[in-house]
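Engineer: What follows is the residue order along each chain.
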Amino acid sequence: MILSPAERAYLYESLVQKPAIRPGARSDHQFRPLEAKTGFLPNSNGSARIRLNDGSECIISVKSKVVVTRGESSLIEVDIDVPGFRDDSNFVSNLKFSLTNLLITKFPVEYLRLTSKYSFKLFIDCIVISHSSYPLSLISLTSYLALKTTRLPLLTSEVNDEEIEEQPTFSDDWDNAKYIHPTFQPPIFITLGVIGENLLFDPSIEEEQVLENGLILSFYKDKVITPIINMNLATNSNNSNFKGLNQKLIIQSINLCNKYCPAIIKALDTLIEQDDENDDTDNHIF
Amino acid sequence: MSRMELYSPEGLRIDGRRWNELRRFESRINTHPNSCDGSSYVEQGNTKVICMVQGPMEPSSRSQADSAGATIEVNLSVASFSTFERKKRSKSEKRMVEMKATLERTFQQSVMCHLYPRTLISIDIHVLAQDGGLLASMANAVTLALIDAGVAMYDYVSCISVGLHDQTPLLDLNGLEEQDISTLTIGVIGKTEKLALLMLEDKMPLDHLESTLGIAIAATHRIRDLMDDEVRKHGNLRSSKLAKN
Amino acid sequence: MSRSVDVSTNERAYFIEGLKAGIRLNGRRFDEIRYPHNIHLSKEEYGYVELEWGKNKISVRVSSYIRKPFEDRPFEGIFNINCEINSMASAKFENGKNSDEEVLISRIIEKSIRRSNSLDLESLCIIAGEKVWNITVDLNFLNYDGNFIDIGCFGVMLALQHFKKPDISIINGGEDIIVHDINEREPQPLSILHVPVCLTYCFYNITNQQEVNIKGESTSDDIYLLDCDYKEDLLKSGSIIITLNKNREIIQLSKNGGIPIDASLLVDLALGSIKVVDELTDLMKKLIKDHEQQRFDELNLKLLQVGADR
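Chains as they are written, first to last, in the numbering used here: chain A, 1 to 286; chain B, 287 to 531; chain C, 532 to 841.
Keep in mind the hints are simulated off the structure, nothing from the lab. Ideal placement from N, C-alpha and C gives every residue a C-beta, glycine not left out. Mixed in with the good hints, there may be bad ones.
To be verified - Calculated pairs, BS3-like style, for lysine-lysine (alpha carbon to alpha carbon, straight line, at most 25 Å):
{"#": "1", "chain 1": "A", "residue 1": "LYS18", "chain 2": "A", "residue 2": "LYS65"}
{"#": "2", "chain 1": "A", "residue 1": "LYS243", "chain 2": "A", "residue 2": "LYS221"}
{"#": "3", "chain 1": "C", "residue 1": "LYS623", "chain 2": "B", "residue 2": "LYS386"}
{"#": "4", "chain 1": "A", "residue 1": "LYS121", "chain 2": "B", "residue 2": "LYS386"}
Claimed, not checked - Example chain C residues on the side facing chain B (calculated, C-beta under 10 Å, incomplete):
{"#": "5", "residue": "LEU556"}
{"#": "6", "residue": "SER722"}
{"#": "7", "residue": "ILE723"}
{"#": "8", "residue": "LEU765"}
{"#": "9", "residue": "LEU766"}
{"#": "10", "residue": "GLY769"}
{"#": "11", "residue": "GLU780"}
{"#": "12", "residue": "ILE792"}
{"#": "13", "residue": "VAL807"}
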């Protein structure tokens with residue numbers, strides 16, 4: 001949805017107020033309401049779906065495969081499919097690169113090691129069914145849920161198989177399958193919009209069009225980590241307000257994220273718990 | 287390839303069904319109210335399909351504007367995780383293009399296109415899981431999504447796959463059965479015996495065609511009822527909401 | 532968009548009126564096909580065929596070479612069909628761009644012949660897991676006059692029956708092979724399990740009331756024509772492709788859009804097609820036999836033949 005010049009000016013003025021007046025009456029650090037569902041794909045080790053109230057939606061599946069550790073350059077492979085965009089378009093490759101990079105550098109690979117020779121390789125496939133604002137944070141929150149609920153079969157053969165020829169064997173009982181690690185918390189991306197002195201969490205499509213800058217912060221293990229990226233979030237519409245970034249705001253954004261992100265993680269964890277409780281009664285996505 | 291017993295002498299199939307039993311058919315409409323004009327979700331056994339319809343709307347390119355009627359465009363995306371073994375699929379694969387063209391042409395006839403001249407109806411299909419009867423599930427999902435979008439159609443297009451094992455027709459094949467026996471997919475308009483969609487990919491004796499078609503048509507009428515139930519359930523839900531306000 | 536010619540309303544009306552009176556503009560009966568003519572089976576090269584069918588013209592070449600089989604199918608040879616349609620055949624096909632129609636044509640020919648196992652792949656195996664024959668069919672459409680599928684399928688099957696691959700002997704206990712030159716030893720024909728024949732029926736609704744057609748019970752308003760030419764193809768409101776063989780097996784059925792067809796009509800069409808299928812299969816057999824005989828006479832092979840006529 002492209003805003004008219006008058007609408008832009010109005011929205012800009014309301015967003016630079018202190019405190020900002022956001023459409024939808026959100027506060028600076030408030031996310032858009034979302035609904036989520038996990039574990040709905042029986043063929044995958046983990047699956048999750050998040051939908052925002054504006055209709056943006058992302059489905060992620062995590063599938064695993066036993067591989068010889070030495071033969072693999074990376075134990076995580078991410079693929080993103082956005083309908084309407086070619087797989088080799090800038091938009092899709094940027095999303096894919098950001099998410100892959102974050103997961104590969106921060107994923108504790110030792111959790112995937114099975115035996116001295118073999119490991120699990122995870123294939124993380126995202127479908128962005130529809131999106132309006134820049135979907136990176138949506139994708140990363142969904143991948144958080146999917147990875148958190150991924151269950152891998154229990155190894156029944158010897159861990160030390162340096163001398164053994166056979167491939168590892170697993171327990172037949174799916175009830176024995178384990179989560180990747182009980183304390184494992186996948187890293188996530190948070191998008192922040194910069195406008196005047198204000199930093200807005202999770203900007204919507206309308207807000208993106210008047211932002212002066214956009215920040216993408218990564219958050220892992222209770223603190224903000226690198227990469228911290230700044231970019232024009234309005235990738236599919238032009239934004240004439242875009243300008244340089246005040247360095248003070250970067251420090252401020254890190255502090256804000258350190259303050260509010262634990263709550264986001266907690267909310268996601270609560271979602272998973274609720275989903276677990278409902279699991280037996282309702283297995284449908286919708 | 288190991289030969290599994292697809293149909294036991296007692297008359298049971300690998301998943302425990304009899305020859306004339308359908309798989310669990312679950313459908314929802316209006317699943318994505320905020321992101322498109324019409325949407326649906328269909329589960330036929332373990333095959334899961336999401337369908338979203340945009341339009342009728344102004345086409346982005348002039349070539350899609352037909353003064354005689356609406357243009358129907360189908361975008362098919364089969365998730366790489368939809369099969370048991372993960373496999374990345376290209377959209378230009380011949381099989382994909384064929385299915386896309388088949389769906390486009392089928393619905394071009396079943397939708398009252400002449401009511402929407404110079405418009406585009408764009409249909410996005412996402413296959414999340416596949417276990418046999420893919421074309422049938424997709425066509426059913428498209429029908430429901432078009433109804434949800436309020437696009438005028440002559441009647442439901444209901445689809446089913448049916449196979450022939452020796453002399454016995456087997457209804458609504460699952461993935462394992464589909465690998466081994468020939469599959470006929472048909473789509474029927476409403477409760478008639480008119481075939482809007484027809485596809486047979488492997489050998490089938492000519493003399494069994496009639497009996498196989500017969501059972502398949504009966505099944506599509508059943509599917510039509512199941513879809514109709516869902517549409518009416520949703521309609522009642524909406525009208526009760528309206529009444530409250 | 533393809534650069535096809537549109538048919539004017541007058542022409543359309545004239546055509547439909549003709550159908551109502553039971554007349555096709557080309558003078559054929561509704562279920563009559565154009566028989567292939569000017570069939571050229573190459574004398575120099577096994578597996579090269581050129582033929583015309585109405586104004587359609589195609590050339591087919593079968594070629595073979597020896598390669599390693601796919602790992603998951605060590606006992607099977609490899610068989611591909613390449614379909615080449617470009618704007619030489621008709622301006623409606625664009626060069627270098629695969630339209631849906633082109634994909635459907637090649638897909639149906641492939642389904643009819645390759646998927647139905649009409650060529651015995653196991654007979655193409657030389658040494659299991661090591662060496663197999665790779666048979667490639669190149670199908671080129673030279674001129675378009677409607678109904679590429681039927682003619683393409685006919686051409687490919689004729690070429691496959693015409694083709695002969697060099698004889699082979701295995702030496703050193705299965706270690707090596709010798710490929711004998713065709714002048715040294717008589718080459719071997721391919722083992723063909725059955726001969727699929729595609730037949731395309733086009734549908735016309737003469738009442739022009741779509742609603743009646745879709746929901747109506749009566750089928751009397753539908754007219755079907757076998758083997759449409761260029762103009763009939765442009766005017767069609769639906770088509771169905773039936774592939775059958777002489778053993779009364781349906782190889783493939785597909786209906787890609789178009790007006791719905793009544794199930795009982797479909798069964799009637801399929802049963803009625805058998806006659807044409809038999810004719811075309813016999814024609815192929817006869818062509819190959821005559822060609823063999825001719826070659827036999829020309830090379831004076833009779834001189835080399837030893838045996839008693841019983």
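Engineer: Which hints, by number, does the structure contradict?
Structural biologist: 1, 2, 4, 5, 6, 7, 8, 9, 13
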